[in-house]
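Counting from 1 along the sequence shown, just add 203 to a position and that's the residue number in my numbering.
These are calculated hints, taken from the structure and not from any lab test.
Here are the simulated BS3-like pairs of lysine-lysine, each with C-alpha atoms no more than 25 Å apart in a straight line:
| hint | residue 1 | residue 2 |
| --- | --- | --- |
| 1 | LYS1878 | LYS969 |
| 2 | LYS607 | LYS969 |
| 3 | LYS605 | LYS969 |
| 4 | LYS830 | LYS738 |
| 5 | LYS830 | LYS803 |
| 6 | LYS1029 | LYS494 |
| 7 | LYS590 | LYS1760 |
| 8 | LYS698 | LYS809 |
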Amino acid sequence: MTLTRPSEESSSINMELWVFSVCQFIMSGALMSSGIQGVQGQSPSTYFLPEFALSPQGSFLEDTTGEEYLTYRYDDQSSRTTRSDVERDSGWDAWGGWSDCSRTCGGGASYSLRRCLNGGNCEGRNIRYRTCSNTDCPPESGDFRAQQCSAHNDIKYQGQTYEWIPASHDHASLCTLRCQARGRSLVVELAPKVLDGTRCRADSLDMCINGICEEVGCDRQLGSTAKEDVCGVCAGDGSTCRLVRGQALPHLSPEEPMKTVIEVPLGSRGLRLTAKGPDIIVIEAHTASGKKEEMVFSSAGSYVLANSIVDFQRGTERQALRSHGPLSADFTIKLKYAAPKDTTVQFLFHQPIRYQWRETDFFPCSVTCGGGYQLNSADCMDIRYNKSVPDHHCYGYPENTKPKPKLKECNMDPCLESDGFKEVMPYDHFQPLPRWEQNPWTSCSVSCGGGSQERSVTCVEEDIQGQLVQVEEWKCSHSPRPSTKQSCNLFHCPKWVAMEWSQCTVTCGRGLRYRVVLCIDHRGQHTGGCSSSLKPHIKEDCLVPVACHKPRESVPVEAKLPWLKQAQELEETKVAREEPTLVPGPWSACSVSCGVGLQKRSVRCKVLLSFTQAEVDLPDDECSEQKPPLQRACSLGPCTGAPTSPQWPPDTQAIPPQQGYLWQYSSFAACSASCAVGSQSALVRCVKAEVQEVVDDAFCDDSVRPPAMVRICNPQPCPARWEVSEWNQCSVSCGVGLQTRSVSCVRPVGENHTELVGGAKCQGPKPSELQACNQVECPPYWETEEWQQCSRSCGGGTQWRKVYCRQRLGGGSYRRLPDGRCDGVKPASNRPCAHTHCLQPHLEGGEWSKCSVTCGKGVQRREPVCRRLTASGQLVTLDISACSGLPSPPLIRSCRMSPCSKHKFSKKQCPQVLGLKRIYIQTRQEKRLSFTIGGRAYLLPKTSVIIKCPVRHFPKAQIHWDKDGIDLQSSKRLSVTRSGALRIYSLEAGDIGQYRCWANQDSDIFILKLIGHDNRLLEHPEGKRLGKEKSNSSSKTFFNKEGGYTKCQGQEEMPFVKKIQKPGRSWMQKNELYLDESWTKAPVDPLSMENYHLASSSASDVLLSGASGAFTLEVAQFEELVRNISQLAESGDVTDDLASRLIGRLMEEMAVARPTTGDGEATQEGSEGKHPDRTPNSSERSGGRGLKSRPVIARHGHRPSTMSFQRDLRVEVGRTVHVTNATRSLTLLCSVQGIPPPTLTWTKDGLPLPNRVLWDSSGGLHITNPGTRDAGIYRCTASNEMGSDSETTQVLLAYSPSITASSKNMSDLHSASLKVVVGGRVVIRTGANLTLQCPATGVPEPSVRWHRLEGALSGRASPLPDGSLLLRDLSPHDYGTYTCVAANPIGKTAASSTLHVAGPTAASSEEQASVLKEMNRKRVLMASRMGTSIAVRPGDVLRIGCPVAPSHRNPIKWTYQNQTLKQVAGLHHRLLVGGRVLEVNTLASRFDGRYGCQTSTNDQPLSAWIHILPQAFEWRFTGWSVCSASCGNRGSQTRQVRCVSTDGLDTPPSSCQHLPKPGPLPRPCNLHDCPASWASTVWSKCSTVCGTGFRQRQVSCQRLEASGSMRVLPASACEGIQRPADREPCTSDICAEWVTSPWGQCSGRCLGPAIATQSRTVSCRHVNGSNSKGPCNPKERPASVRNCTSEMCDVLWRALPWRPCTVACGSGFQSRKVECAHRHNNKTLPDRQCTWQRRPLTWQHCNVTSCSGECKDTTHYCTVVKRLRLCLVEPYRQRCCQSCTEDSAAI
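Using the sequences provided together with the hints, build the complete structure.
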């Protein structure tokens, strides 16, 4: 059966798309061993399902045409998707491919099927649906439901024909075809279901599928609930439009009778307007084409204004106007004066946002393989004209939010073996890929002991000028983001190491002892850097337990000089480091030999070069630290004659003062920095020793002034702060613009140095990066809209546009003003326009002729007429030669006259009944079954059946039926449908018999029998048997109206013989329990099947030798049928009793058929004398004639190789089998016939079978788990005494393809042709030929396809039979990556090569273009099944190829304009390459039209076509443009493309829109060095901020070279060229400055540990001392708040101990007290003081264990704990108490 689409959908869905789903039967369990499996989802009660429209549960369409009848095909495993784990566990096979759409437009349905692999026990459905063809149908196609109703216009209903139209919807049956006779109240249900894809209601998208109304959302998806928002956007959020609501009270008068109320723009929706008052509503509509319409609303009704529907209602005092929209024009709603009373108007509508963001397509992938990313962007679109506009239009609407760019993965296939690099593709030809830019690392937070350092990482993009611009970070997501933090200085800090103590300085009593303390670094070397506060002491008291015999000294004796000197020297040793360091030298000897002297030393600034380990001296100013003292006092003891011995060592204070004055350290100066390590010096003052009073330094001796003392202060790090740059220039000069600045978080790291840190480290809100500026009104200006379409489509006309005065306000909005407010001349609002292409000659059709027939369906013809429109608008007729070569309108159309009289047929066409010879056996109850005439059925009682009678050349409504030779009459249980099918409800015994349908003299029969509950065939209640009918000579005779006998041509010359092509599939491949074989119509009638009980018989005892009659069956297929019935009996689906009687009855009926003599007449021998109720004896079963025959192995014609992923394969011998990893068993079947029964033997590769291969007596060969060792050629040999026969099957192991790719790069710029294996990089010269070889292997043999990454293959690329790709006449446009893909059902692989072609010169480009044009003229255009349209120039060689394989040998039939080539006069053609290519001469005659080829491949018809259009226009390049630069490397020139006619005249581009438009093809130019010239930088700021100053810039002589680099030249190179000034005066009026007060106390809020804030006042003061707000630059304003160090903020959260748990076992909680406390004095403070740090938890869960009386599991992982034997571990045993207790009990 075939589903026929409506008129606009001419193609049909062939039912062979439904393979296993249609043919599901109960024997699935028994046929599992045969490799046949059915589809789950139907009631498994019959052996095949009823035919249906789209879904397996549907009913048969009864209006099938005669030429279209049901066929089937097998499941295409290659079209199935991969099974998921869920499907594999549930027993389902993978889903099959999607079927063709039920409609070609307007929304249809498609289905996909899957099979149940576990014997019919799968849950779920075996079919799924989706929508398709969701594009709107053309307006002229009409309503789909109306088309289905009109299809019944020619079918009589109750003896009369009607014109049917859709009836009103019945909510109870939305999906039935209910139609109403036009002009009558008659409503009839013409079909129980409408075609799939029909809308349930006209105002809804819901569609009918299989007779059920399925919900469809606005996204056209099944089951979707998506709805349109108020803006008309599917699943939108209402952001693309804005609600306009308001009220107006226009005061009308006779003097001012009409006023405008509101303007509603095009595209608005939901317009509602209410007017209370007497005035009249008038709407003026302005369409986009400039057309103006006006409508006055006076009476209620529905109006159409500018293609928009407007509903108007009018009451006594109220008028209402509604329009759902969208409006197709601009509506200007006005009120017209009608009475003195005022009218109040309220309105509401949703106005579309004219400028909206639309997402662009994704950019090219960042890489070609291995996984990359694609980005997209968004453009601002003008939805009124559907064109892109600048972004600022979209920013003017607050509702508009620019979509964020999307990122998706692409090219995820792994890269092939190559040189290890991935080719990165740029976003376009000019802009490189964004990348991460890394700033330098900050200094390490500590000098040792493990610290951290940070850096900032930003995403930057290089613009066309080469400048780096910071962009959003998502643009760099194609590469990993570099780290922003790392560890540093992980080595241990230097530490003090103390040596052993010296001996005590005395030998008795109390003394001192010393030791050396060194600062040792992590390398064990002596260095500096140790904290002096942690240095161990170098001396201590010691006591010698020996009594001294002299008086005890008052003070301890100091160490001797060597100890002291050594300790001091070791303590002060410093070495050079990698940063500049002051390194002191050794002290000199004391300047005196006795007394107090001086020691000196040198101090140098040094640095350690790490790569050479050498120390280098630097200038002193390179070292920032304070220089240590260069001299010190020394004392070598008293001189001879000294009065007393001074204290040793002498202290500075011990030096005798000069006249009572001495130097003293008083205090330290203020720290040089508030944070980040500062320094402070000790103050030295001259004091008067007696009174300790500070005096002038001149009183003290300068030579003994103490050395300077410096210490480090404020070492804590500075807090981070926000740093802002100056504001950029405003984006606009008026009407509110934007200013931007950069804001970054920095931290001071030294004097005048900062480093970038993360924004989270800065306290307080981040300063704004944007601010509004220039918020002043702009001057009014003229605003012009786009020109509208020309008022006339042909000839001269006028174009209009809107021009109005507009002003942008300070808030950014716009205001329309009267024209007088704008300066200057108002731009023109109209201009003349003309379309001259319509004035060219064109072909039109003349008057149609009369219909070629007087009744039925015929054709009409007309002649073409050449006409032209003059400039004045008159249409004149020209000679037909003036339109030669132009496309012609259709000249033939079909016509339909009134139906012809009954039984009146053409003698040239004989009626035919198209029967199908099938046997059907029912074993389980079904409600309804469908059959086709020509077969027989054994059914169960109470089953309803439909027997269809497909006919050809005969009206279906005139089909006639009889039963057992008696005409059938309609009754309650029996009726004939309008399509001629016989319907019988609830079968009874009286329905047993032979039914015949008649179409004039042709007929066919259907035998119906019933099976009783005792598995016996029921008898007719009246004892009737199926008697033998007469031959066709006694068939019914029909007479025409005149009473004469109607005959057709050929009726008398030969008996009517009907042939149906013999199927090429065996029984085991059909997956159904029915027979379908060749039938030959003979002058004998089918023999009846008697109703009696038969004994069991064997199929092997029956000989059927080509019997002719109603049923002719081959022995092999008959035995196959018997074998399957036997398998049903073994599985229990059929009882043994019923199986034996079915087998016996079939053999009886086949054997009784009379054999044919050589003359073709039937003989009665062997059939007479046999009693029907007697079981045949053994002699009769053996044939009774002693016939012998040689063995014959059943062969089923040409069979393709078997490729299946089923677990169990059963294959007939003679076919090639591919075994996969999924195959678990393989059975080779060898069906043979012969008398006596032949003996079968098997061999493999000519040798006996291995032990693991088994074969049974029936000839089947079984291989379990086939693998590599089982591959080979298996031969089945059948032999008996009459001879032998053999057949082979090749078993191959399938594996996925592989390509032997090359990794070598090839460069050859000399050879004219080159052969290269795919895989490397190829460089070849222009004009050469290249053959890319793709050596692929695999089983089955893989198919090789080529594609090009940059686009489609050019016309010069030809795939070769061996899988290679031939590229002829290469040009630079052939550059790209060529990939060959080898694929078979197992898998696929790919290999690529990159091709580079040496670029040609301009002259060679023209030659290449001519060669390319010549190649295009000789190319072969391939027809396709879906149809192709292409334009061809007159004069080109037209070659059309039929899409068949080169090995195709079946005849190919070519047609032109649906006529054979022989029927077409004047078409010059010839056939090439065995008829596969048709060559047509395009100069000799007309060649445009539809060409088609028809043939058959693998017993399947193939039809393809192509539509050739005459190419009257072409794209042609203009001359090269002027070079964009006169020198340097940036010059380029392009060529524009224009559309020209064949005579070279320019035509509008729309004439060439059906042709591919070539690109602009830019080329470089003027690539040479530029002459030297002066170049200057920008001016610096003025040197003064108040008064007159100067500014300057740098001027240098430079030259731009051809390479693109800029070279600086001596000034002499620019001699003769005026040098720009590098200095000029300037004046600044900003005569004011910022004045700050001292910083206040550090008492602000706490920001961190010991960090608070302090503030000060900042004011702007003029030079004259007055305060001023204006002159000071706000960008230079000093900070008024800063961070400071405060001990009050040195706080922390103090957590007290946890309180006891609330429970002793089980799940409880415990709490604790957390309070804010000072870090040093532990004083409790308010919690707000600690809010800058995270508060610790105050409660937690506790004792989450099982109580002793409640042993249970508290985690779901206990099964894993038990399996891993972790119960011995205490934590696991507590959490899994119950499981571990059970485990212990079991042990």
